[in-house]
Amino acid sequence: MSEHIVPTRSYYVIYLVLMVCTALTVWVAYLDLGPLNTVAALAIAIFKAVLVILFFMHVKYSSRLTWAVIAGGVFWFLILLTIIGDYLTRAWQPYGSV
Amino acid sequence: MASSTVLTPPHHYLNDGVGIKSWLLTRDHKRIALLYLAGVTFFFFIGGAMATLIRIELITPAGDLVSDETYNKLFTMHGVMMVFFFLIPAIPAVLGNFLVPIMIGAKDLAFPKLNLASWYIYMLGGLFTLYAVVAGGLDTGWTFYTPFSTVASTSNVIPAAVGIFITGFSSILTGLNFIVTIHRMRAPGMTWFRMPLFLWSTYATSLINVLGTPVIAITLLLVAAERIFHFGFFDPRVGGDPVLFQHLFWFYSHPAVYIMVLPAMGVVSELVAAGCRKPVFGYAFVAFASLAIAVLGFLVWGHHLFVAGESVYSAMIFSILSFLVAIPSAVKVFNWTATMYKGSVSWETPMLYAYGFIGLFTVGGLTGLFLAAIGVDVHVTDTYFIIAHFHYIMVGGTIMGYLGGLHFWWPKISGRLYNEGLAKIAAGIIFIGFNLTFFPQFIVGYLGMPRRYHAYPPEFQVLNVLSSAGASILAVGYLLPMIYLMWSLRYGKLAGSNPWGAVGLEWTTTSPPPTENFVTTPVVTWDAYQYDAQQVEGHVA
Amino acid sequence: MLPEAVHQQTHSPSLAHHFDNLEQQREAATLGMWAFLVTEILFFGGLFTVYMIYRSMYPQAFAAASHELVIWAGTTNTAVLITSSLTMALAVHAAQTGNRRLLVTLLIVTIALGCVFLGIKAFEYYTEWVEHHVPGLNYAFEPEYYRNAQIFFSLYFVMTGLHALHMIIGIGIMLFMLWWSIRGVITTEYYNPIEIAGLYWHFVDIVWIFLFPLLYLIGRHAHV
Amino acid sequence: MAGRVDALYFFLIAVAVFFGVLIAGLIVFFAVKYHRKNPNAVGAQIHGSMVLEAGWTIIPFMITMVIFVWGSSVYFAIAHPPADTLNIYAVGKQWMWKFQHLDGQREINELHVPVGRPVKVIATSEDVIHDFFVPAFRVKADVLPGRYVSIWFNPTKPGRYHLFCAEYCGTKHSGMIGEVIVMDPNEYESWLSGGPEGSLASAGGKLFQDLACNTCHRADAQGRGPMLEGLFGKTVNLQGGGTIVADEAYIRESILTPSAKVVDGFQPIMPTFQGLVTEEQLLQLIEYVKSLRSQQEQPTARPVEATRPPTNETTPVKK
Chain H
19 MSEHIVPTRS YYVIYLVLMV CTALTVWVAY LDLGPLNTVA ALAIAIFKAV LVILFFMHVK
79 YSSRLTWAVI AGGVFWFLIL LTIIGDYLTR AWQPYGSV
Chain C
1165 MASSTVLTPP HHYLNDGVGI KSWLLTRDHK RIALLYLAGV TFFFFIGGAM ATLIRIELIT
1225 PAGDLVSDET YNKLFTMHGV MMVFFFLIPA IPAVLGNFLV PIMIGAKDLA FPKLNLASWY
1285 IYMLGGLFTL YAVVAGGLDT GWTFYTPFST VASTSNVIPA AVGIFITGFS SILTGLNFIV
1345 TIHRMRAPGM TWFRMPLFLW STYATSLINV LGTPVIAITL LLVAAERIFH FGFFDPRVGG
1405 DPVLFQHLFW FYSHPAVYIM VLPAMGVVSE LVAAGCRKPV FGYAFVAFAS LAIAVLGFLV
1465 WGHHLFVAGE SVYSAMIFSI LSFLVAIPSA VKVFNWTATM YKGSVSWETP MLYAYGFIGL
1525 FTVGGLTGLF LAAIGVDVHV TDTYFIIAHF HYIMVGGTIM GYLGGLHFWW PKISGRLYNE
1585 GLAKIAAGII FIGFNLTFFP QFIVGYLGMP RRYHAYPPEF QVLNVLSSAG ASILAVGYLL
1645 PMIYLMWSLR YGKLAGSNPW GAVGLEWTTT SPPPTENFVT TPVVTWDAYQ YDAQQVEGHV
1705 A
Chain F
2 MLPEAVHQQT HSPSLAHHFD NLEQQREAAT LGMWAFLVTE ILFFGGLFTV YMIYRSMYPQ
62 AFAAASHELV IWAGTTNTAV LITSSLTMAL AVHAAQTGNR RLLVTLLIVT IALGCVFLGI
122 KAFEYYTEWV EHHVPGLNYA FEPEYYRNAQ IFFSLYFVMT GLHALHMIIG IGIMLFMLWW
182 SIRGVITTEY YNPIEIAGLY WHFVDIVWIF LFPLLYLIGR HAHV
Chain R
61 MAGRVDALYF FLIAVAVFFG VLIAGLIVFF AVKYHRKNPN AVGAQIHGSM VLEAGWTIIP
121 FMITMVIFVW GSSVYFAIAH PPADTLNIYA VGKQWMWKFQ HLDGQREINE LHVPVGRPVK
181 VIATSEDVIH DFFVPAFRVK ADVLPGRYVS IWFNPTKPGR YHLFCAEYCG TKHSGMIGEV
241 IVMDPNEYES WLSGGPEGSL ASAGGKLFQD LACNTCHRAD AQGRGPMLEG LFGKTVNLQG
301 GGTIVADEAY IRESILTPSA KVVDGFQPIM PTFQGLVTEE QLLQLIEYVK SLRSQQEQPT
361 ARPVEATRPP TNETTPVKK
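Heads up: the protein sequence lines correspond to chains H, C, F and R, in order.
Take 19 as the starting number for the first sequence in the numbering used here and just add one per residue.
Take 1165 as the starting number for the second sequence in the numbering used here and just add one per residue.
Take 2 as the starting number for the third sequence in the numbering used here and just add one per residue.
Take 61 as the starting number for the fourth sequence in the numbering used here and just add one per residue.
No lab work stands behind these hints, which were simulated from the structure alone.
Incorrect hints may appear among the rest.
[To be verified] Between beta-carbon pairs, the in silico distance windows are:
(1) H:Leu54 <-> R:Phe121: 42 to 50 Å
(2) C:Ala1299 <-> H:Ile102: 34 to 42 Å
(3) H:Ala109 <-> F:Gly173: 41 to 49 Å
(4) F:Trp180 <-> C:Leu1189: 17 to 25 Å
[What the hints assert, rightly or not] Straight-line alpha carbon distances no greater than 30 Å define the calculated DSBU-like cross-link-like pairs of lysine-lysine that follow:
(5) R:Lys97 <-> C:Lys1506
(6) C:Lys1506 <-> C:Lys1588
(7) R:Lys180 <-> R:Lys158
(8) R:Lys158 <-> R:Lys217
(9) R:Lys294 <-> R:Lys321
(10) R:Lys180 <-> R:Lys217
(11) R:Lys153 <-> R:Lys217
(12) R:Lys232 <-> R:Lys180
(13) R:Lys158 <-> R:Lys266
(14) C:Lys1657 <-> C:Lys1588
(15) R:Lys93 <-> C:Lys1588
(16) R:Lys97 <-> C:Lys1588
(17) R:Lys93 <-> C:Lys1506
(18) R:Lys180 <-> R:Lys294
(19) C:Lys1657 <-> R:Lys97
All values reported here derive from a predicted model rather than from experimental measurement.
From the three backbone atoms N, C-alpha and C, an ideal C-beta is built for every residue, glycine too.
Please put together the full structure from these sequences, using the hints given.
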């Protein structure tokens, strides 16, 4: 089989980074950054998820098709999130909200 | 048709193993296709029986045949059965299962055990839903709108939701199986642009299955949680928004319309090519139109909410996107029509269904423009206009495509020919009955008759009687194929490997095909639909 | 017709009859798993959408309700899951390099960590019950946010509940993998089952990576 | 408005007939002309035409864009009521329509309106989703629980018109029907005067006293709650930043969930009235708060009153 075998050292490095990020996200949550709190929490979460996907799940070494499948999934999730567009624009008109 | 003697091949998938166990434990995609055929036919006739009762009730303006409660349950279960247990699985799970591996020159789908599991999951979901019927019915409409479904209804919402949830996994797994198969199992030389168009549309459908079905699954789960535990998701009493349910519901259920009609479009591409013995006009455009419909179809769910309380601005965006999705559908219709130009056009049964499909789908598609135009939609939505529109797509489109495909590949599936004369008559009856049933509904809808009405004002009676009369004709049309197809299994003439003189890998193997489809793996060196005189003569003889 | 028999003689016993070779089989299985994970993205995606919309509607109620969750339990569980992802990744490596003893050990550790996660989760559910945070069944909350906090808790239970269900399924799969590894089905030539089981396990970890900040960490800084 | 909807409708029919006949005609023509006579014949090997593909992509695209612009402009008119409407409150419940007129009349499943004056129905539901549908006026809108929707129309011809519930709402859905009775202005006046004593606002005022709202919301601005005089239509500053226009929805929310959007400078001490007031009483209270405006200042500009759906105006459809 032609699968790329990742040296275990890189797994340990990623693990360390993930743990540090977990500590970081908890620490940041106790600071008052206004709306930036949510941004920071999501940014750290996305960063962690990307690390897991690229290294633990070997996507860094996978075919373009795998990348396309993941991109498709994320893209469709973003389409789903656009439901919020209705809620944001309802505020522009009276009788729009409860 | 075959003139010289044809023989049944000594070994084929139908006689490779006998007894009930060899069927219930089979991993052969062709046998699983037949299991699905039994399943979808069963649910089709249940749904059809309910439709019959609905139409009989509506002959008179007063609600006199059944009670209002029963009527509500009838149209709900008609919708649930037809949508989730017939229309969605029909073409992919029966014809797709049978044809996908054969058309790409593979021995089976990528995951045969998963394929069998999908059928069991489908049947399990169906039985759960049937239980909901037997245990007293379901009265929410197939759309399960909250808060009616979560707070007000006293009927069997949970068993039905669970049934649909379970069946959703069958759709997901079948779609996943097709995607992997088409990516990874193509025979040597079978490039993407040599694939028959049926595969392109099946692939596009599978994408929708995989991407959309999980959303309906989670949505129904939330409805069930709200009902069982009184959790709050859509309940206005805790600040929830019932319109959010509609967003999530239609995020799947609008693309689901394309799950139903895209495979039928694929079938029609095959029928038109074989019926005209000609390449499909604009192959690449038809292929990409399938993908365009699959993608754009995910961006238009909000057009079901024009009067439901979504914002004016949201409505405008969904309106323009809905018009865009009409374009690839129009492209397909024009291409099929152009394919007939200078063809060798056959009048055989499958081709009659193809003509019927193109005509009825065109009417369905054009009336869709009425609904995408918000100003008109406000008036006609939730009336019989909508009912007529989507039946033109679902029945005029999907069922015509399904029956056309079934007639086209029946000789391959069974190895036998059916009675062509009876089949032509049935096709004609279905076409006439269908139009008589549903055309009057456009008019009665514009006049203002709301859908889901058990009793209605007397001025709508004439049109309703016409519609019910049409339905009785349609019912005869659906029973006929049942009879002569079954009859052909035993008494039909042997078909030979290529009764239509068509090209395509499925016509190069025997009828019925052997268990692993081909004796030796085919090597493909030609494009789809390459007809030339010698080839056809060779096939026909 | 004896295709099965013919295949058995000429091919690896791990090769199913309808594939041409192991490479095709492996690619098909991996693609299948990724396609399945895409459906999972959209399954949880529906929940995240509902969460986002209601949080944007009722930010204060969400912050107040989130404050009631047991943050140390959530944080510990995050660490537990990330560690289990590491042991899972190492298990795939052990399978690739044919170290069966290490593979078995790592699978056992992964399963154990999964059980620890579920144990802590169960403790949290118990705490929520005791503190009357279960909408519909056992619910009380400060009057200011009484109504809207129910949406948060409903989402909390459905999101973490479905995540926990995925963990349980994952543990089941891992037990199966463990059995296969002990029996020697898994070889350097055929380690694909471990690999795709690992994909699933990592995916469940990723879901938690998002659930943790969204459920536990909102409004930690400024609760009234 | 019925005229505008119908004009677009007939244009769409023309488009549909044109393309329907074109496709059906071509199919029949080709099927006859190129009918296979020799069983071994094959068709001409034509693969496609870029020009045709471009043509039947671009032309339908342009036609649909015309329909889009037209349809949306009709919809915009449907969604924006004029400023001087006659307001009527409606509550839908399983399975009836309840109406309250500003002058105090209440009716069930019948709605009396004068001819020649735009009418705006502000509607909500007590239970599940209903839908206010008057085919003759080409208006339809879902009536949602927990929310106000407004529907406007301009009746132009006296008569009786169907009112339907068009969103499935349970067992007697098809019985949730009524009539809109369009009357001459004179007849309407005499119908109005036949009603009970006291306007809707005065009923709300009485309720305001009975519920003891007036102990905190005092007209002299000395109460523990914000002064309500002149509130309606104003922009309110909220605690923790942000503003909101005090419309029907805001007043409703403030009664049911007082802590959700507290006015800046006040404590969130008001108890909830969820479950204590009915939807109809809420509407009376809202009308009362609206009426308080006139004591302070004359209504110069009404708040923007974009609404959800429909229309105005009648085409006389027989009944």
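Hints, verified against the model:
1. H:Leu54 <-> R:Phe121: 42 to 50 Å: holds, 43 Å
2. C:Ala1299 <-> H:Ile102: 34 to 42 Å: Cβ of Ala1299 (chain C) to Cβ of Ile102 (chain H): about 38 Å, so the range 34 to 42 Å holds.
3. H:Ala109 <-> F:Gly173: 41 to 49 Å: About 46 Å separates the Cβ atoms of Ala109 (chain H) and Gly173 (chain F), which means 41 to 49 Å holds.
4. F:Trp180 <-> C:Leu1189: 17 to 25 Å: For Trp180 (chain F) and Leu1189 (chain C) the Cβ distance comes to about 23 Å; the hint holds.
5. R:Lys97 <-> C:Lys1506: With a Cα-Cα distance of about 13 Å, the restraint between Lys97 (chain R) and Lys1506 (chain C) holds, given a limit of 30 Å.
6. C:Lys1506 <-> C:Lys1588: holds, 24 Å
7. R:Lys180 <-> R:Lys158: holds, 15 Å
8. R:Lys158 <-> R:Lys217: Within the cut-off at roughly 23 Å; holds.
9. R:Lys294 <-> R:Lys321: holds, 15 Å
10. R:Lys180 <-> R:Lys217: It holds: about 17 Å lies between the C-alpha atoms, which stays within 30 Å.
11. R:Lys153 <-> R:Lys217: Distance of about 29 Å is within 30 Å: holds.
12. R:Lys232 <-> R:Lys180: Holds: Lys232 (chain R) and Lys180 (chain R) sit about 26 Å apart, inside 30 Å.
13. R:Lys158 <-> R:Lys266: This hinted pair holds, its Cα atoms lying about 21 Å apart.
14. C:Lys1657 <-> C:Lys1588: holds, 17 Å
15. R:Lys93 <-> C:Lys1588: Since the Cα atoms of Lys93 (chain R) and Lys1588 (chain C) sit roughly 20 Å apart, the hinted pair holds (cutoff 30 Å).
16. R:Lys97 <-> C:Lys1588: holds, 18 Å
17. R:Lys93 <-> C:Lys1506: holds, 9 Å
18. R:Lys180 <-> R:Lys294: holds, 21 Å
19. C:Lys1657 <-> R:Lys97: Since the Cα atoms of Lys1657 (chain C) and Lys97 (chain R) sit roughly 23 Å apart, the hinted pair holds (cutoff 30 Å).
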